[in-house]
Amino acid sequence: MLLLLDILTTAAILFVVAVGLLAIFGVLKIINFAHGAWLTIGAYSAVVATKLGLNPWASLPIAFIAGALLGGVAELLIIRPLYRRPLDAILATWGLGIVIGQLITLAFGRDVQLIPSLMSGTIRVLGADYSVYRLFMLLAALAIGAVFALVVEGTRLGLSARAVIMNETLARSLGIDTERVRLWTFMIGAGLAALAGVLLTPLTSVDPNMGVAWLIGAFMLVMVADASYLALAVACLVFGGAQVLVSTFISPVLGGISVAVLAALVLRISPRGFSRA
Amino acid sequence: MKASLLTTAAASLLLATAAHGADSGPILIGVPVGLSGANSVVAPSVVQEAQLAVDEINAAGGVLGRQLKLEVADDASGAAGAQKAFDALIYQKKVDALISMETSAARNAGLPAVSKGRTPFIYTSFYEGHSCNKYLYVDAWVPEQQVPPIVDHFAKEKGAKTYFLIGSDYAFGRGMLGFTRSYVEKTGGKVVGEEYLPMDGADWTPILSKLKDAKPDAIITSTAGGAPNVTLTKQMRAAGIDLPYANLAVDEGTAKSMGADATGVYLSASYVTGIDSPENKKFLEAAKKKFGDDLKTPNDLSVPEYEAVYLYKAAVEKAGSTDPAKVIAALPTVSFTGPRGTITMNKQHHAPLTMYLGQVQSNGSVKVAGTFKDVDPGDQCPNLK
Chain A
1 MLLLLDILTT AAILFVVAVG LLAIFGVLKI INFAHGAWLT IGAYSAVVAT
51 KLGLNPWASL PIAFIAGALL GGVAELLIIR PLYRRPLDAI LATWGLGIVI
101 GQLITLAFGR DVQLIPSLMS GTIRVLGADY SVYRLFMLLA ALAIGAVFAL
151 VVEGTRLGLS ARAVIMNETL ARSLGIDTER VRLWTFMIGA GLAALAGVLL
201 TPLTSVDPNM GVAWLIGAFM LVMVADASYL ALAVACLVFG GAQVLVSTFI
251 SPVLGGISVA VLAALVLRIS PRGFSRA
Chain B
278 MKASLLTTAA ASLLLATAAH GADSGPILIG VPVGLSGANS VVAPSVVQEA
328 QLAVDEINAA GGVLGRQLKL EVADDASGAA GAQKAFDALI YQKKVDALIS
378 METSAARNAG LPAVSKGRTP FIYTSFYEGH SCNKYLYVDA WVPEQQVPPI
428 VDHFAKEKGA KTYFLIGSDY AFGRGMLGFT RSYVEKTGGK VVGEEYLPMD
478 GADWTPILSK LKDAKPDAII TSTAGGAPNV TLTKQMRAAG IDLPYANLAV
528 DEGTAKSMGA DATGVYLSAS YVTGIDSPEN KKFLEAAKKK FGDDLKTPND
578 LSVPEYEAVY LYKAAVEKAG STDPAKVIAA LPTVSFTGPR GTITMNKQHH
628 APLTMYLGQV QSNGSVKVAG TFKDVDPGDQ CPNLK
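Residue numbers (the numbering used here), protein chains in the order written: chain A, 1 to 277; chain B, 278 to 662.
Looking at chain A on its own, in the form it has when it is part of the complex:
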């Protein structure tokens, strides 16, 4: 059924966009309001890669690395000094997002940029033509989720990160270098955001403000998922599904607010959201 595919692919896109924000929220306990700007950085890395004549697929690793490096710089210069003032750190990321947006505008102009699509066309699925790229996004979300799970469950960094998520002071007293964990997590979160930005380019207009629309949705999803990536996947399915169903059967205008309304309802009923940790 087309509707089922719409729900699954919408959930996949939401997951890809929000997973970077989740990582940063879990470990650093702050919402990176520059997340939208990092989506934009990723998309514009693809613009630069295109201008340099590279294969469009090369822009995926390039965007991740660019996002991660810039994330590292941001963490060292802006987040770390504000470690004891998390609310100010959140405000700082909001400002950072604005600054990045303006820098991109100064460098590239306000125009919509043209990037060759990673893949195009439709494929016959369950008796109907469906967009190949949306199906690819489903695979991409599963792949990113799997790699993320691998890092969290199977690496030393993941172990340290989970310790920091549970109790940072205790983790530090056990000898874990929490500053390094925070830096690496921010870099990975920023890199994932940039990667999501590139993956979004065939679906959206590439301009300096493209990330802003995704920020609020991602923020709601992360609030509901708390620090658990499994909870994030569930939230994306439930909220993405609700968005598609409301848009299809009631109206797209109401569908746009369904994520926000549902997030508020879920948090009212269960303050820790979908996570059970």
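Hints in this document: simulated from the structure, not taken from any laboratory.
Watch out, some of these pointers could steer you wrong.
Straight line, CA to CA, 30 angstroms or less: simulated BS3-like cross-link-like pairs of lysine-lysine [as the list claims (entries may be wrong)]:
#1 B/K566 x B/K346
#2 B/K624 x B/K411
#3 B/K467 x B/K650
#4 B/K595 x B/K650
#5 B/K463 x B/K650
#6 B/K650 x B/K411
#7 B/K435 x B/K489
#8 B/K650 x B/K624
#9 A/K51 x B/K533
#10 B/K565 x A/K51
#11 B/K566 x A/K51
#12 B/K370 x B/K595
#13 A/K51 x B/K644
#14 B/K567 x B/K533
#15 A/K51 x B/K567
Start from chain A and add chain B according to the hints.
Here is chain B on its own, set in the frame of chain A:
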């Protein structure tokens, strides 16, 4: 002795500043435009055209011996930003006139300030029609001029009987598609779907799924200019939809930035760069010479801006001053022959225009498929004499 010298100096300074903007000094033209937000993609070309007109007029001696000066303000393509921009231009900068292209949301939000500040306002954007204000004049098209060529062409050449309409949820989107629906039904067609998304919405998936279910013969869309056009067209092509598709809100510049996705899209405009007239050739050469590689493609949202500056100049010269009452009395009586032909805003503050039906080619250019001379705007403001 010193005190009286000081008083004389102060008095003459006061007189000088009072005189400024009244009979000497530059004539200030305010340009509130969407430098950020949905219109940020098209705003730069609007500002360029205004600058081109102002520079040409100043080089030829200005208006009534005074130079023209532009004051550009960002209205963020929306109502909140427009209130700030209009207030700043009308009350702080004290502009003599406003000449600009903006979203309908921004225009509607700014009109109260225009009335209160008694500032002539030439609106240079195509829009949904029926916006009436003593100080407002429009030199761009309304649905009565833009829609019939498209629907007639689809019905006659493509045999289209059922239509699916998609738009952005604001005055322009709803107004255009409302008129389209009534024209389609009046000419014997049927509308099988009409869907809207908020202006900043980027996910058209559910609407496109509904479109596929409805199986229309043709699609007509009316989104906000710029980013929404691009996202809708990209997603439509990604979903494999290639029905006859007319876009009521796209211009050549945006079509170029959509690349291959825009091929085959129909548009109906009062300006295309391919207009074969001496005025258009002269205009394009002057624009290329002034801006070189930075030139943003002149389009249906920016060329009316260029002509509006000249129309204001003609009105001020006819009125003999920048006094708002005299200028708005003169505006419907003056004409300017520019890239779009001869424009006179004499039909209830709107102007008859020659419309071109075009189709986007694979290289981004627009091929003219039909020309409709001096299409009447209809009854836009029957209460404004």
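Hints, one by one, checked against the model:
{"no.": "1", "hint": "B/K566 x B/K346", "verdict": "holds (21 angstroms)"}
{"no.": "2", "hint": "B/K624 x B/K411", "verdict": "holds (13 angstroms)"}
{"no.": "3", "hint": "B/K467 x B/K650", "verdict": "holds (28 angstroms)"}
{"no.": "4", "hint": "B/K595 x B/K650", "verdict": "holds (27 angstroms)"}
{"no.": "5", "hint": "B/K463 x B/K650", "verdict": "holds (22 angstroms)"}
{"no.": "6", "hint": "B/K650 x B/K411", "verdict": "holds (28 angstroms)"}
{"no.": "7", "hint": "B/K435 x B/K489", "verdict": "holds (19 angstroms)"}
{"no.": "8", "hint": "B/K650 x B/K624", "verdict": "holds (16 angstroms)"}
{"no.": "9", "hint": "A/K51 x B/K533", "verdict": "holds (17 angstroms)"}
{"no.": "10", "hint": "B/K565 x A/K51", "verdict": "holds (24 angstroms)"}
{"no.": "11", "hint": "B/K566 x A/K51", "verdict": "holds (26 angstroms)"}
{"no.": "12", "hint": "B/K370 x B/K595", "verdict": "holds (25 angstroms)"}
{"no.": "13", "hint": "A/K51 x B/K644", "verdict": "holds (28 angstroms)"}
{"no.": "14", "hint": "B/K567 x B/K533", "verdict": "holds (22 angstroms)"}
{"no.": "15", "hint": "A/K51 x B/K567", "verdict": "holds (26 angstroms)"}
Every hint from the earlier list agrees with this structure, and none is contradicted.
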